[in-house]
Structure formats: structure tokens, C-alpha cells
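J.: As a plain string of letters, each chain reads:
There are 4 protein chains.
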Amino acid sequence: MILSKKIVVLAYSGGLDTSAIIPWIKENYDLNVFALVVDIGQSFEDLQDIEKKAISSGAIGCQIIDLKEKFVNDYVYPLLKIGALYEGSYLLGTAIARPIIAKAQIDFAKKIGAVALAHGATGKGNDQVRFEMVYASLDSKLKIISPWREWDFKSREDLLKYLKEKNIPTNATKKKIYSRDENIFHISTEGGVLEDLWNKASKDCWVWTQDVENAPNDPEYVVLGIQNGYVNSINNVKKSPYQCLKQLNKIGSIHGIGRIDIVENRLVGLKSRGCYETPGGTIIYQAIRAIEQLVFDKDSMKWKENLALEMSHLIYDGKWFSPIRESIQSASNVLSEVVTGTVVLKLYKGSVYAVQKKSVNSLYLRSYSTFSEDNVYKQSDASGFINLYSLSTRIRSIQKK
Amino acid sequence: MILSKKIVVLAYSGGLDTSAIIPWIKENYDLNVFALVVDIGQSFEDLQDIEKKAISSGAIGCQIIDLKEKFVNDYVYPLLKIGALYEGSYLLGTAIARPIIAKAQIDFAKKIGAVALAHGATGKGNDQVRFEMVYASLDSKLKIISPWREWDFKSREDLLKYLKEKNIPTNATKKKIYSRDENIFHISTEGGVLEDLWNKASKDCWVWTQDVENAPNDPEYVVLGIQNGYVNSINNVKKSPYQCLKQLNKIGSIHGIGRIDIVENRLVGLKSRGCYETPGGTIIYQAIRAIEQLVFDKDSMKWKENLALEMSHLIYDGKWFSPIRESIQSASNVLSEVVTGTVVLKLYKGSVYAVQKKSVNSLYLRSYSTFSEDNVYKQSDASGFINLYSLSTRIRSIQKK
Amino acid sequence: MILSKKIVVLAYSGGLDTSAIIPWIKENYDLNVFALVVDIGQSFEDLQDIEKKAISSGAIGCQIIDLKEKFVNDYVYPLLKIGALYEGSYLLGTAIARPIIAKAQIDFAKKIGAVALAHGATGKGNDQVRFEMVYASLDSKLKIISPWREWDFKSREDLLKYLKEKNIPTNATKKKIYSRDENIFHISTEGGVLEDLWNKASKDCWVWTQDVENAPNDPEYVVLGIQNGYVNSINNVKKSPYQCLKQLNKIGSIHGIGRIDIVENRLVGLKSRGCYETPGGTIIYQAIRAIEQLVFDKDSMKWKENLALEMSHLIYDGKWFSPIRESIQSASNVLSEVVTGTVVLKLYKGSVYAVQKKSVNSLYLRSYSTFSEDNVYKQSDASGFINLYSLSTRIRSIQKK
Amino acid sequence: MILSKKIVVLAYSGGLDTSAIIPWIKENYDLNVFALVVDIGQSFEDLQDIEKKAISSGAIGCQIIDLKEKFVNDYVYPLLKIGALYEGSYLLGTAIARPIIAKAQIDFAKKIGAVALAHGATGKGNDQVRFEMVYASLDSKLKIISPWREWDFKSREDLLKYLKEKNIPTNATKKKIYSRDENIFHISTEGGVLEDLWNKASKDCWVWTQDVENAPNDPEYVVLGIQNGYVNSINNVKKSPYQCLKQLNKIGSIHGIGRIDIVENRLVGLKSRGCYETPGGTIIYQAIRAIEQLVFDKDSMKWKENLALEMSHLIYDGKWFSPIRESIQSASNVLSEVVTGTVVLKLYKGSVYAVQKKSVNSLYLRSYSTFSEDNVYKQSDASGFINLYSLSTRIRSIQKK
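Protein chains in written order, with this note's numbering: chain W, 1 to 401; chain E, 1 to 401; chain B, 1 to 401; chain A, 1 to 401.
FYI, nobody ran anything at the bench for these hints, they're computed from the structure.
Do not rely on the hints blindly, as some may be mistaken.
If several chains are the same, the list does not tell them apart, and a pair holds so long as it fits within one copy or across any two.
[What the hints assert, rightly or not] The list that follows gives simulated cross-link-like pairs (lysine to any residue, SDA-like), each with its CA atoms no further than 20 Å apart: (1) K346 - D211; (2) K200 - R366; (3) K346 - N217; (4) K302 - S330; (5) K346 - Q210; (6) K154 - G113; (7) K161 - W148; (8) K302 - L85; (9) K378 - Q243; (10) K203 - K346; (11) K302 - R325; (12) K302 - S89; (13) K346 - P216; (14) K176 - A201; (15) K302 - H313; (16) K5 - K111; (17) K175 - L163; (18) K378 - G58; (19) K346 - A201; (20) K200 - Q286; (21) K174 - K238; (22) K200 - G225; (23) K401 - E337; (24) K143 - K400; (25) K70 - Q42.
Put together the whole structure using the sequences plus the hints.
T.: Here it is, written out as C-alpha cells:
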């Protein structure tokens, strides 16, 4: 295909924003727009439809790339394995999606010889930073187009009016209460009633998961097999990490698991409120922690929490492609080598309880911690231990006098 | 009272172990035993009974000291305010009780001129270390008697037999399945079926809290007022921190809140399994976190997690009376100054959800995070921000080529 | 004084940049300029001269505020006490000067009812961020004027030409090789030959300190008294912290002490090279560390290093007026309470050696660490200690088989 | 060789202590003693002599294993690369020697079918813990004999008398003032005059390095090539890391480099004073830091300091063979991948100055940090950056009113 104009690769979702971006770029830049759809498990319309939609919006082409397995293996699991929770509770479901999408854009742009990249993230959010940090990491030569920081549109109405002027069909409606982001790991909901913190999240703030009041009255028990930090079987049926996550999303959603309703500090200095649903991720998170209890010594447990804290901020802050992320992930992988075992989880009314657990690498042995004599632990050792353990404390006490 | 022998102050609980310790010390040391009962909210028999019991076991005296309010204010709250969770989940209910008891022993010993201290902690556990670390900190001159590391008794049967020989009455029975520790903050259960990790915790492993399946089918909403990190009102009724904790224990227990069943790394190198119930503490923990979301900036949130991690290990490891604990608590107090506000919590089937929250110190303002223009945040600033934020990343990318 | 125009308070140094800023603001804003000189120990011309100069540049007034003692006590010492070194070596001499200057500007602006603040920091450096972070912290209502980001001047030549056009006298010359910043704590030198990292720093890169080759061939011994982390006597003569620092600058400079030549990461993403001289600060830093060795236990030493690392980045990054800085400083102050003692330092050819040290709070006692028997340490305790200390390690080893 | 008795492998040095241990074990245990000498660069007498000496003391055999290259590559460099300094200054020269010696003992014991391990570390020091932690990690089945904790000897005199009784020749003298440990990385000196902290270290406290006053009056410049964190050339001559360290020890010693005289916190709770000489290590440490300045971004620099702090305590505390050490080393290795370049160091009178430096991975580019316009950094971006960077600060300031 010989094109008279150079190409920009747009991270295309099929939604109103990216649909408007196509004609807007064509009008404001001397560029053709290629729509790239990265499939990481978000629920979108029939795939053919999204291609048609992109073309009818004016794109010169649309490519759908399936990265679902890769997303779960190479992006989601590094977070789950180390247990990264941003500000104590957020499993980073949106943050972790950005690097894989942005990298796919760059890879595709290189393949087709494109000269620019565009995304539909708004000017007040984290995602613009995350997209552009990846662009900066992987190819700082490509031009970046960030329409929400460039155009004068301020609202959905503006975008709808613009599309109408351009005769581009859309099934978007004026009223869209919430801003949402979805992938196989989570769905987020912001805006609407949530903007007033004194409002309870309403029923329609939640998409995937059952209200806990409507969740089954009987608990469900699920057996997870874990290998080196990856859940690879459910009820003794082996599956890929992606397939496991998908199935656990279903099971977890039924029991109302994985909801959080938080106010968080955005990277750009604002606070915002979000309702996040991560049912399968929450179950996997708990399952990994349960095995860690058996196989990590005290130092490893504490060190892991340090790594998780650092990792959570790095990922939230868009620093996936960075030496420090690789360093932390490497440190985490060493620890995860022993996270192998089986956990029985009880799922009930929004909660996950690890009720049975075992591991070939367990450091727990029944006989060690009971009162009866054994060969490993001699109670008399405790006196010597305490005397030295408290020695500097005793010296301080003595010197004070 | 003129005594022919010097005195040891025993941390007395009225249980089998400390009952046997009284005659054993008298027999093995040339000492009188004074039984000190520190009331930190544990449920014990009628107070007169415990005194009688101590005397009938051979103590020369028994003193009950009520430190319930002090325990909650000065020991429990420093942990709740910073959010210390040992190994990710344990609120440190037993660990935090040791320093106040041991300090009370020392204070009392000084008052009556005693020469020794004794405790009933076993030789495989953390508590012996915690007791003796406090002794080392506050008065390294007093002799320490730790019967479980000294005598030859190995079981309850041995102790019962010994008491019988000594004609000391006891209502203890041969069969006590679980080892328990209780105070106003929590109750712990170890031993019995829990020793096999593949056993589910049985119904009788739990003492305070309702099974979630039996918890009410309707959620309960509770309004907590928080001032500088302390919960000081429930449903708009002002109460002391202790009274609030007490009431929240009741409410939380009904809804099955605050149970954990974990394997932890003991300070002495062993792993052990425990079932811990901290209903009120769990509710307060969540309430404080909810206000923090409104009032802490990003740096404070991350720093707080560092402090909490350090604090959790310090307290678990018996280092309450240490410069580093005072340093961390001081750092925490600075942050907590702004933790003031109101939270509405939904309690349901084992879970606590912060559904509404507000604070006079909130850094969230609706207008800031919405899409509409405002004076505080200009979207155009984001380009400059991203350019510098990603600058070293871009430079790395450029230099690589 | 009734003024027809509102006032901007300029952080005025008397140098070329801030001299040009006065007429430029008057020309470009409808404002009078008030020149504020904050004296934190920088060497400037006769004070009357600087006032005259400001007036002759067009300022409506000039005020000199002496904050030297306050600067050393309240800004420099919090860094020295905790031992903050940015990226392992930089004592933060420029970074720590910004908050006190910017706060003085705001205080003065409030006093005289000014409406704006201006500074002469360039658009590629850290200082613009540091100034404006303080403005943001303390009064976000005042307008900020940052001429280097606003005007079109690009060089000293441009500024000189502009001043000539405006008939403003200046003794600045076209050729100024280095960019410098000075206060009682340090002097920095950037630019010129330093821009090529393969160039050695030339003789003229150093201002305060003697080249080590020319330093005296005999060592000098100096006795410092330290109280709660503050040096308060030199050779047994009591002085204020400021006076001590001033004298130690002189002594240290003679011996070539306190030079570093580093490449650092600026807050704005660039790397830059600087030669920093901090003679007195380096001596004080070493003296405090020497006492810490005597009085800090192992936990405190490690915790202190964590605090120092956090503090160094906070201060470098312009976050002086922040909850996290207050939190860390509070944590640091608790530790410093015991940092009291006497150190004899040997100063020789660029190096500081603590050759003798003592403290009333010392945890070192000769008898403890020697081989002879004592009452505090029993060698037999070591077996018990090692057995429990290595227990989880042994268990891992056993379970592996 | 058919032996009537089982064998213990002794970590043998040829000194008085381990010489006495041989007959003592034979007398007190039903074991033959095999003397293992691990050569990690300590200066000992002619090798044949040490073998003879072992045999004449009663050992059934003596084996010398040369692990000098391995020691430098696999033990010393992991510390130098991350920059581990215990309590701010100690390069861990003794601590890092223990794991390689203890591992060699175990490997050898397995090879010859020995049943026990013995070491000559005293009962008040760190080394007993370090030896036995390795034993616990790698083979918890072998019996451990720690004579200093077992026998009744208290002094050198006791040992000399014992050897005389046993007719074992020795050239040890009654008076040995200092306790020393030596390997290719460092030599340590404890005891004697050092026990009084108010004593200056005397001339004979230092073994390897020249007094700075006697060091050459002219500086020496040395060019080090660094590859992935390893110094692999000196003045453009390629050598192995071990050979480089050896040569830099010589050069550094001449210039009085690498001396420290500190009081440290021992693992067993005591403080002790030591004079450590690490001339080559100090030079290498500085050289690596110099390249890091060019190639690490701000996040990596800070993270590295965290890793170094953790590593320093782990190694000091005898935890070489542990998951957390492997985790940290792995994290460190990722960062070190870019630590490649050339440094010119000036060595003069006890100091090391990195005066020139370059790296193919440098993130510094002259044009970026100068005032002239460039394509990478636009000064106008700084306004946007500052506005968002200070946003939460401004919001706090606004909300306060």
C-alpha cells in the first residue's frame, strides 16, 4: 500500500473518545490514522464491528492484537506474585494495562513505519503519563499526539457534535455517567455519584460483581494449585494463568469478591475516587499470600513487603519499562521460586478465606511448634537466645544509671 | 509487713500455669511470690476469686491493676494509627499486651521492693522474649524467673499432678485443647486441630466472633468519629477510645468481623498457626485507613506504609521500649495529626466497607478531579509535566542508540 | 507609603540575573519590585552597596534580613543530625537554602501586602521547583513570576545588553565562567570546564577550600563538643551552632576538607555536574557519626540510614514544608536525643578522622567486649542464641531433603 | 585410608587457637581432625609449613584450597557492586570471608565423609554465628564443635600451657596484643589500646597501609576500566578482578587509603572497636560509585542505597546463604548491567578522588544541562511540571484556609 501521508498509530478502543480522535487527527495533522486494538480481555463488541467502526470513522486500517495470555503472564503476575497494592488496596488493574498497550503500539508502528503515536487518555489522569512514559522508554523518536490536551472539546456533547458534523456514525449517547476501564484483570468505575465522597457507591457503580447481599448464602470452596507463584490449576484442573484468572473472575463475581471503593492519590497530584472490581485477582492474591506464609522466612516476608510497596508505586507511576522495575521484579522472582503448593479457599459474601494450605517447601512442621520435646528446638536454648537478643537493651539500661 | 524472704512479682493470670508457678518458685527459690494481675480487658473470673485463688496457691499477696484505658490509648492505638500488621495481617493483639504487663510488674516490684520477676510464658514462644526484653529495658537488676524453661514439667498433666501433690485446689482440667491469650484488643487460639495446616479451623477455634454464615443477613451501618487518629465516637455518641473499642468488639463480633487464620514466623525461628479475633480493632483499622485516603498526600501514604512495616516487626519482636519504637511512633504521630473525620462503615458477613467518608482536612475536592476547567489544574500543564517526568527515560532511550 | 502599583517581592542577590529582573518585571507587569536579601551567610558586597544597587536597578525598596543563626539551627542541622547525603555524597547545601529564602519572601510579602513573588532561578534547574514548592505550601494565592521561564533572554550578553538599554549600571562582566551558589553551609560551582566529565575540575572550580596538595603538612586536631546532635563547642569553647560552623569552615578550608566533584540527578530529569565545598559541614557530619557509633544500637543505626536516605531526597526535591519532612525530622530528633559527647578529629590533607570519642550515653563498655569473663555476657549463651537464630535456616535445610 | 575414628573438618589457620583445637578435639571427642586451610589471600607462612604444623599438632591431614579468585568474584564483588557499607563505613571484609570458608568446609566434609565441623571463632564475636549459620544453611546434619564456647581456657597463656603439656611445638608468643583477621580484601585489628575509645589508634594498629603523613607527597593517578560493575583493567592493562584487587591493595596501601577506625554494633549485642584496612576495596568502591553517577537514574540511585543498606546487615549478620541475599543480589545485578566505563582516580594522602569519568551508558549529555536551547529539554515545560508537581501541596494550602 503506497500512502501519500505518513501514519499515526492510535490506541483504539471503539469508544466515543477514540472514535472522535480519528477524524480530529486527520483534520489537524497531515497524517493517516491506523487504529490498533490491543485485546487484553476487555469486553468489546464483535471484533468485526470494531474494525468496521474504525474504518467508518476514517481510519486507514484497524488491527486487533490478542495479548491476553501475555498480559496475564508478563504484566499482571509480576504484581500478584510480589503482592503489589497501591496505597494499601488497589491491585493496579488499569495501571498495568498501559505498558502492554503502549508497547504494542510502538511495535506495530515500527512494523508499518508509522511516525506517530496517539492515545485517548484525558489531561487530568494518570494514563496519559503512563502511555507517554512507555513511548519515552521504547522509542523517543515517534511523535506523540495527545488529543485531550490539544483540542478544545470539553465534554461528550462536544465530541458527539463533532462526529455529527463529520458525518461519522456513532452509537454513543450523550449521557454516560461513569468513566470505565476494563481488561481481564479488572474493571474500574469513576465519576457520577462517586464524585461526592459522602455518597455511597450506587448499584450501577459495579459492573462485574454481585452485590454481597445477593451473593449465594452458601460458601463455595475452590482448590487452587500454585507453581512458583502462578496459579495453574483450579479444582485440580490445569489451566494457563490467563484461563485460571478468567474462571476465577466468574467464580469471584458470583460471591461479590474483589470490590474496593477508594480515594487515591493520582500521580498528577489530584485525589480521585474509584470503584474497582478485581474478583479473580483478589482470589489469586490471597492464594499466593497463603502459600507465602508456609514458605517464606521472617526476613523474606518483610523484604517482600518492601518490594511490594516499591513496585506498587512504580507501576502506578508509569515506570514499567525502567531499570528499577526490572530490579525489583528480579528480586521478587527469586523469592517466588518456592511459592508452590495447594490452597483451599472459601469464598463467601465478598470474602476469601484460605482455610487449608500445604506446600512441598513448607517451613512449618507440626512437631517443631508444639510443646513436646524435639531434636530441632531445645527450650533451654531460649535463655541464651534471650540473653544475647536483649543484650544491647540491658547495656543501655545499665549505662543509664 | 515484715517478711523473712524476698519477693518475686509474678505476672499472674489465674490459669493452670501461673497457679503451678507459685508453689514451684517457693519450693525452688528462697522467695515469696506476689501475684500481680494486670487487667487489660481479658475476661477472668470474679476478681475476688482470682485473689483467693492466688492466695490459696501460696502467694503472699495478689494485686489487680486496671490498665484497660491506658492499654488502649498508649499501646494499642500507636499500632492502629500507623496501621501495623505483622506479616500482612496480624494486628499484634498478643504482642502489644506484653510490654504493658511487664512494665506493670517492674513498677510494682520497685514499689514493694521485690527482687525478682516471673512470667508463665513457654520456652518455644515469642512471649518469653517480649517479657524479658521489657525487663531488660526497664530494670536489668531484677532477677528473672522463667519456670517453663527451668522446670521439668512437660504437660498439663504434669502440672495438675504437681498441684495435687501440693494440695492446691484447681478447677483446671486435663484436657485443654487450645492455648489462648485474651485482652480487650483480641483473643488468640493456637494448638489442637490447628496444628495440621490441612485442617480447617473448627467451630471451637473461634471464641468471640460469630461464624460468618450465622451473622445477620442484613448489613449494619455504623458511624465513627475520628480525631487525630483516635476513634472517639460511635453513631455520634462520644466515648473514650477504650469504650469505643469495647463497643465495636460487640458489634463486630455479631457480624463475624476480624477473624484471621494464619501461619506466622515466630521471633524464635519457628512457624506457628494461630486463629486471631480482633473485631473492634479491625473496624477501627479500616476506619482510620478511610480517613487517611482523604488527608494523606502520596508521599505520606507511602511513608506511612514503611513506618507500619517497621513498627509491626518491632512490636512482634518485643522491642516496645526502644529508641527505634519511639522514633517511629513520633514519625507516625506527626502524620496522624490530620487524621480527623467521619466514616460510615457497612458491616456485613465478616467484612467492613467504608461507604461514606469526610474530613475537614480532606485534600479531595470534587471540582479538581472532574473534567471541567478549574483554576487549580490546567490540562495544558500536563504536557510540561510529562516532558520533564519522562526526561531521564527519554535520555536513556536516546543514548541507547 | 502610598503606592500606585501593587508589589512583587523578589529574592534579590545583587547579581546580574536578579538585577535585570527588576526592570524586566516593571516593564512586563504592572508591579513595583521590592528587593529582599536573605542573609544566610553568603559573602556579598558591603550591605549598603547591595541596597543602593537594588534601588538603582529600579526597586522601590530593599530589605536585608539576617537569618544566619536560624538557617544553621533550623534548616542545616536537621540534615546533619540525621546524616542526609543526596546520592551518597552531597550535603544538600543549595537545596536547604531555598526553603528559608522562600519562606522569608512570603513572610515579608504578607507584612507589606505584596501580591506576587519572584525568583531568579533558571528553567533547567532544581531551584525553580524548590522556590515554587515553598510558595505552594505556604501561600498559594500569591502570584509567581519566574523570569527565566518567561523572557527571551538566553545569555549573560542578553542581560547586559538589556541593562545597558535601560541605563542601569552594573559591574557584571560578559564572561562569567561558572554558576555559583553560596551560603554559610556551602558553595557550589557548575558550568565551564566541568561540563565535560572527562575534564578534571580546574583550580578555579574551587573557591573556599585549599587544594589538598597545598594544605598543611601537619595534621590539626580539633575537639568538638556535641549536645543532642548539635556541635556546640570547639576546643572547649562554647559557641552557637552558627558560630561553630563558621569557625569550622575556616579550619576545614585550610585542610582542603569537604570537596566533592559529582554528577547528580536533578529533580527535572537531567544529570549535571557540580563541585561542592562544605568544609565545616563535613567536619560536623563526621563528628556526629562518631558519637552515633557509641550511642546507637543496631536497630537505630539501620533505621537512621533509612531516615537519612528519605530525607536526602525530600530536601533535594524541594519538599521541606511537607508532612513527610516533619514526620522524618520528628523521628530523627528522637534518635538524636542521645547524641551527646566529645570527639577529637584529626584534619589532614582533605580528610577528617575521628581519632578519639566519648559519650555519657555510650553503649560501649570496655569489659563487655573483651575476652575476660563478665556478668553481662556469658559465652555459653551464644550456643542458645545461635541455635534459635539459625533455626529457620536449619529447618529450611532439613525440609529441602 | 581406613580410619578407626570418624572425622571432623576444622577451619584451620595455623594460629595458636586452631593449633590448640586439634589436640583438644582429639582429647574430648572420639574424632580425628582434618585441617582445612582455605586460601582467600591471607598472608600465611610457606604453605608446606602450615601443612607440617597441622600434622605436628595432631591432624590426620591438611588440605589447602585456593579460592582466591572465587572469593573476589562471587563474594566480595556482590558487596562492592551494590556498595554495601555496614553502619555507614565498614566494607565487611571479615564478614564476607566466613561463608566461603564454611562452605568449603562442608564441601570437603562431604567429599571425605566427615561427620563434624569445627571453627576457632570466639564466643563473644560475630564469626561464630556466621560460621554456624552457613553450616545450618547447607548441611544441618553435621555436628558442630565450637571449642571457644566449650573449653575452659580463657587466655593465650592457657592455650600455650596446654600445647606444652601435649608436647606440641608452637612459635606463638604469650603476648599478642591484637586480634587480627586477614584476606585479600582486608585486614582487621581489634583489642589492645583500641579497647579504650579515648585512645588514638597507635601506629602498630595498622598493618597494610602507610600512615597518611608518610604517604607520598605527590598524588598518583590510576585509570580503572569497569565492566558490568567489575574492575577489569588498571591503567589499561586487563586483569582478573582478583588480580586487580591485589594490585590496588598495593597502590592504595602506599597512599594510606582505606583505613577506618570505628565502633560497631556486633550481631550479639555488644559494641566493639575495630581498625580495618581495605585499600584496594576502597578504591574499587569509589570507582564503581563514580560510574553509577553517570548511568543510574534518580530512582535507581535511591533504590540502590536501599539494597546496599539491607545487604550490609544481611552479610554482617551471617545470612549469606539465604533467599533474601539471593533476592537482593539479583536486584543488584540488574542495576549493575550498565555500570561500565572508565574512571581516573587521584590517590593522595588517604583519599580517593574520581577526577575523570566516562561511560558508554552515560545519561549525562553536555548539551542537556547547559543553558542553550536544545530539543530534549524545553524550559517552558518546567512551568507545567512545577504546577503539577506542587499540586497536592497547593491543594493542602488552599484547603487549610
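J.: Between K175 and L163, at a C-alpha cutoff of 20 Å, which is it: within one copy, between copies, both, or neither?
T.: within (16 Å within a copy, 58 Å between copies)
J.: Given identical chains, is K154 near G113, meaning Cα to Cα at most 20 Å, within a copy, between copies, both, or neither?
T.: neither (32 Å within a copy, 37 Å between copies)
J.: Is it within a copy, between copies, both, or neither that the alpha carbon of K346 lies no farther than 20 Å from that of D211?
T.: For K346 and D211, both the intra-copy (17 Å) and inter-copy (13 Å) Cα distances are at most 20 Å.
J.: What label fits K176 with A201 when the C-alpha limit is 20 Å: within, between, both, or neither?
T.: Within one copy, since 16 Å is at most 20 Å while 47 Å is not.
J.: When Cα atoms must be at most 20 Å apart, do K302 and S330 count as within-copy, between-copy, both, or neither?
T.: both (17 Å within a copy, 17 Å between copies)
J.: Classify it for me, K378 with G58: is the Cα-Cα distance of at most 20 Å met within a copy, between copies, both or neither?
T.: Neither, since 78 Å and 30 Å both go past 20 Å.
J.: Checking an output row: K200 and Q286, CA cutoff 20 Å. Within, between, both or neither?
T.: between (27 Å within a copy, 16 Å between copies)
J.: Regarding K203 and K346, is the shortest C-alpha distance of 20 Å or less found within a copy, between copies, in both, or in neither?
T.: Answer is between; shortest inter-copy Cα gap is 15 Å, intra-copy 25 Å.
J.: Using 20 Å as the alpha carbon limit, work out where K346 and Q210 are close: within a copy, between copies, both or neither.
T.: both (17 Å within a copy, 16 Å between copies)
J.: Within a copy, between copies, both or neither: where do K346 and N217 come within 20 Å Cα-Cα?
T.: both (13 Å within a copy, 18 Å between copies)
J.: When no copy is named, should K346 and A201 be tagged within, between, both, or neither for a Cα gap of at most 20 Å?
T.: between (26 Å within a copy, 12 Å between copies)
J.: Checking an output row: K378 and Q243, CA cutoff 20 Å. Within, between, both or neither?
T.: neither (48 Å within a copy, 43 Å between copies)
Consistency note: the structure conflicts with the earlier hints numbered 6, 9, 18 and 21.
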